[in-house]
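All chains should be modelled from the sequences, with the hints used to inform the complete structure.
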Amino acid sequence: MARDKENNRVLLNVSAQTSDNSWVLSSLEHDQLVRAKKHHIPRRRLKGAELVVLWGLRIYLFFMMAVVFYQIWTAAR
Amino acid sequence: MSVGSQPPQTDSVFTAETVVITHEDVDRAHDRVRVSAARARRGFFSNARLLWLLVGPGVLVMLGENDGPSMLSYAATGAKFGVGFFIPFVILTFCMAIVVQEMTVRLGAATHRGHAELIFDRFGPFWGWFSMIDLAIGNFLTLITEFIAIRAGLGFFGVPPWLAVLIALAILYAALMSHRYWTWERITLAAAAFNLVFIPVALMTHPHWHAVGRSLITWQPLPGFNKDTLLIVLADIGATVTPWMLFFQQSATVDKGLTTKDIRFGRIDTVLGAALATAAAVATILATAPLFAHQMTAGNFQAGEFAEALQPLIGRFGASLFALGMVEAGIVASITISTSSAYAFGEVTHKPHSLNLPMGQGKSFYSVLTLCAVAAAAIVLIPGLPLVYVVLLVNVVAVLAMPPALVFLFMLVNDKEIMGDLVSPAWANVLSTGVVLVLTLAGVLFGISVIAPNVFAVLGGK
Numbered sequence: 001m002a003r004d005k006e007n008n009r010v011l012l013n014v015s016a017q018t019s020d021n022s023w024v025l026s027s028l029e030h031d032q033l034v035r036a037k038k039h040h041i042p043r044r045r046l047k048g049a050e051l052v053v054l055w056g057l058r059i060y061l062f063f064m065m066a067v068v069f070y071q072i073w074t075a076a077r
Numbered sequence: 078m079s080v081g082s083q084p085p086q087t088d089s090v091f092t093a094e095t096v097v098i099t100h101e102d103v104d105r106a107h108d109r110v111r112v113s114a115a116r117a118r119r120g121f122f123s124n125a126r127l128l129w130l131l132v133g134p135g136v137l138v139m140l141g142e143n144d145g146p147s148m149l150s151y152a153a154t155g156a157k158f159g160v161g162f163f164i165p166f167v168i169l170t171f172c173m174a175i176v177v178q179e180m181t182v183r184l185g186a187a188t189h190r191g192h193a194e195l196i197f198d199r200f201g202p203f204w205g206w207f208s209m210i211d212l213a214i215g216n217f218l219t220l221i222t223e224f225i226a227i228r229a230g231l232g233f234f235g236v237p238p239w240l241a242v243l244i245a246l247a248i249l250y251a252a253l254m255s256h257r258y259w260t261w262e263r264i265t266l267a268a269a270a271f272n273l274v275f276i277p278v279a280l281m282t283h284p285h286w287h288a289v290g291r292s293l294i295t296w297q298p299l300p301g302f303n304k305d306t307l308l309i310v311l312a313d314i315g316a317t318v319t320p321w322m323l324f325f326q327q328s329a330t331v332d333k334g335l336t337t338k339d340i341r342f343g344r345i346d347t348v349l350g351a352a353l354a355t356a357a358a359v360a361t362i363l364a365t366a367p368l369f370a371h372q373m374t375a376g377n378f379q380a381g382e383f384a385e386a387l388q389p390l391i392g393r394f395g396a397s398l399f400a401l402g403m404v405e406a407g408i409v410a411s412i413t414i415s416t417s418s419a420y421a422f423g424e425v426t427h428k429p430h431s432l433n434l435p436m437g438q439g440k441s442f443y444s445v446l447t448l449c450a451v452a453a454a455a456i457v458l459i460p461g462l463p464l465v466y467v468v469l470l471v472n473v474v475a476v477l478a479m480p481p482a483l484v485f486l487f488m489l490v491n492d493k494e495i496m497g498d499l500v501s502p503a504w505a506n507v508l509s510t511g512v513v514l515v516l517t518l519a520g521v522l523f524g525i526s527v528i529a530p531n532v533f534a535v536l537g538g539k
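Just so you know, the protein sequences line up as chains A and B, in that order.
Start counting the first sequence at 1; every next residue gets the next number (the working numbering).
Start counting the second sequence at 78; every next residue gets the next number (the working numbering).
Hints were generated in silico from the structure; no laboratory data involved.
Errors might be hidden in some of the hints.
Covered stretches of chain A, going by a simulated chain B footprint (3 or more residues, C-beta under 8 Å) [what the hints assert, rightly or not]:
no., segment
1, 24 to 38
2, 50 to 64
With a Cα cut of at most 20 Å, we get these calculated SDA-like pairs of lysine to any residue [unchecked claim]:
no., chain 1, residue 1, chain 2, residue 2
3, B, K304, A, R77
4, A, K38, B, Q438
5, A, K38, B, G205
6, B, K440, B, T426
7, B, K440, B, R257
8, A, K38, B, A106
9, A, K38, B, H427
10, A, K47, B, M488
11, A, K47, B, V484
12, B, K304, B, V527
13, A, K47, B, T510
14, A, K38, B, P202
15, B, K428, B, L448
16, B, K304, A, A75
17, B, K304, A, A66
18, B, K428, A, A36
19, A, K38, B, T426
20, A, K47, B, W204
21, A, K47, B, V500
22, B, K428, A, I41
23, B, K304, A, M65
By construction, the Cβ of each residue, glycine as well, lies at the ideal position given by its N, Cα and C atoms.
Structure follows, in structure tokens:
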């Protein structure tokens, strides 16, 4: 509750407003609720080939950004 | 989370007796009730209403990407090369954009999570921060160019830079004032419709339709193979596929509340957006093609300069429309790009992130959105900064940053644990792999053209 207050969210009183809650719940899929999104999706383990591709593209990007800066530098001169 | 096309799982946490319902949930539920009501009916008008209700993220992302630097790229393309190879080429780049953006619709509808959030959760913060830094740098550079376009476009009408920037910020703020995704989306869509203003401008130039038809069939005449051509090729690719589009459309799909039942309409939305954006892009090339015919050196023109150059050919009214189109392109993109930054920030920091949030509940979301826009606008007003380089290279930077972003998307959309039955089919994987390879090759060629320009001379270019 304290956390909910901290997030300035509205906790509807259940016994008094069950019907109000119900139309929201029936309109949205359960994992569309803000509350459901607090649950993290489990992390997956990257395979060797995937890591090679990711690192390869990261190095490619670093290198190409250096090229872009070089081009700006030469154009500015 | 729901997995793919499986129905949502019943969880005892989410019963009416225990669940915490937020303002954001209630607003989204209102939108979903209207969608359910439209879906329950049969007939043409019900389908049309369903399309009206579900259209949005796809059209916004495509017309949003027809932004200041993109329209300048298309204008420079027409002015430098006229009608020819680049007309079918631009259409092809939008086909690439459809392939890529459709994946974000599926991801958003299946997982109800934003793109940044999924990357962080599935691949961990190490890779997550890499992709966030790419996004933040790309978005900020692009935002600067949007305000340059706005300043230059309004400058055509004699509006001073400070006032031009203030007008743009006021429109951005006005769109946010409703604190309702639906209203924000409709206001931004209405503004984005003005992107089509380039079509009447093109018609005023009386294009040679025979040459246009011939270029569509034969891709002729081909441009010379040199550094300038390559820069325009990269700029035109960067004008249609950029990292912010992935983050924006997925987050907007989630914020709009689309589910797996809506994917078909999400695809229609994306294709419709691409068709409209293609029409505006081709129109811009056609509008400036007469400058090529009149042998004008217009490669490095800014928005206002293009309008001035076109004025003797299409009159004051046509030139004004062109300048207004540039302003619109900058404004809509500044709204969508700053929103994509705010979505990503919220997803990564787990702060509330929705356009359905009241100001009090979404302080961090609205603060990031506003700060991004204000900072970019302020930079444009600093006198003496060499902003021309940013404009010329921002689309190139987007192309370079795209392959790493696409690989994350590719891995997520093929992740059976989160996508279930909605993983990409083999043909979609072949197409998206092709897009990654084309973008990487374009980047490599650009690198060669800068580091070893003589290689191009050996290959027959200049």
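Which hints from the list above does the structure break, by number from lowest to highest?
-> none
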